[in-house]
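Participant: As they're listed, the protein sequences go chains P and E.
105 is the number of the first residue of the first sequence in our numbering; add one for each residue after it.
3 is the number of the first residue of the second sequence in our numbering; add one for each residue after it.
Among the clues, some could well be false.
Stated by the list, open to error - Derived SDA-like pairs (lysine to any residue); straight-line CA-CA distance at most 20 Å:
hint	chain 1	residue 1	chain 2	residue 2
1	E	Lys132	E	Arg94
2	E	Lys132	P	Ile111
3	E	Lys170	E	Ser159
4	E	Lys132	P	Arg191
5	E	Lys170	E	Arg138
6	E	Lys132	E	Arg167
7	E	Lys132	E	Arg93
8	E	Lys170	E	Gly128
9	E	Lys132	E	Arg92
10	E	Lys132	E	Ile147
11	E	Lys162	E	Thr140
12	E	Lys132	P	Ala190
13	E	Lys132	E	Ala81
14	E	Lys132	P	Met193
15	E	Lys132	P	Arg194
As the list claims (entries may be wrong) - If you want a taste of the chain E side facing chain P, the calculated C-beta under 10 Å gives, among others:
hint	residue
16	Glu7
17	Gln9
18	Arg11
19	Ala24
20	Glu52
21	Gln56
22	His63
23	Thr64
24	Glu67
25	Tyr80
26	Arg84
27	Asp89
Simulated from the structure, these hints should not be mistaken for lab results.
Note that the coordinates shown come from a computational prediction; the quantities given were computed from them, not determined experimentally.
The beta carbon of each residue, even a glycine, is placed where N, CA and C say it ideally should be.
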Amino acid sequence: MNTEELIRLLSTDVPRIPRHALGRRIARGVIGGGVVSLLVVAAALGVRPDLGRAMLGFAFWMKWTYTVSLGILAIIATMRLARPDARPMRWLWVLAVPVLLLAGIGVGELADTPSRDWLAMWLGKSWMVCPWVVLSLSMPIFIGLLWSFRRLAPADLRAAGAAAGLAAGAFAASVYCLHCPEVSAIFVLTWYTLGIGLAAGFGALVGPRFLRW
Amino acid sequence: MQQSEEQLRAWMIGGLGGDAAAHAALLRALVPLLQSFYRRRMAQAQNDIEDLVQETLIAVHTRRESYDRDRPFVAWLYAIARHRMIDHFRRRRATVPVEDLDQILATEGFEDSCSARLDVATLLAGLSPKQARSIRDTHIEGLSIAEAAEAAQIGESDVKVSVHRGMKTLAARIRGDLP
């Protein structure tokens, strides 16, 4: 096809692009995938029976704040990396803030607990499955983000994949909070973070292949 | 004729607003711009340039959501063009038959150019980021002064001065006057 024909063809389909189209597209990917993860939790794992009571307590909101804040920061990074002319992101150190705050709460908990109970508090009842469940639940969200990226133009595919994986992992962990009855900060700090990190690593690994355009 | 950044950006924003005529005008104006962009970088592959220009136009069209109306248009365009070129090379590399590879590497002076590139990278690392970028853009990437200024979002005279000062520093360093 010659170039002039191509241009004529492309110019027959020029929909209006609203100003925040990129953010909306990414939000649609996350929410679409998040709903699937939510259904998986509800159907396969079950929402914890005492959710209403737990929502009145501190632990639930600590976990929720931790995972959601990581997710929001990762989504902002993903949106930046979805543009080909992305600038260096020196602000990413703020990701350390939620981690350090949670570590602070963890230290407080350890100080209030006799040391013979530390191991039980750290491992909880579900340390062996928690990271893997978070990683699995992140997959629908990651796929949703891959869908978003089909109309976007990341230049650094590995970084974009890592950011998308981090966002997917963090929001998957937020969804998992609806099932997971663990309450200690050091549990969340270790095993949730491990699951979220695995999801980010997975994203970095497959980004160059799946985000290619 | 090459259009100015303001004109291209106005057409792009018009196209994003749903104006098909502005979008067509933009794509038409991009053709000579992209041709000269690729021609300057791909001496070996002149036959692929038309394909690359078309692929880039398609990417500009289908991925226009990734353009931020508040940022320079040409920098966005060249970022896409560069990505398409790298991808093009990657695909080409993948189809080079293995038996001929050492032949190709030898004739293209692959090893020499690799080590030269490493030396240049080491030298440039000793300069300020602006000087290093200006030299890399104008002397290695082959951008014109105007293109380099646009890409780095600094003035043309700033690019010229940065190149000049950077080169002076490099020359002094190679002579051994500077650490």
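Participant: Identify every previously stated hint that the structure contradicts and give their numbers, smallest first.
Facilitator: 1, 2, 7, 9, 16, 17, 18
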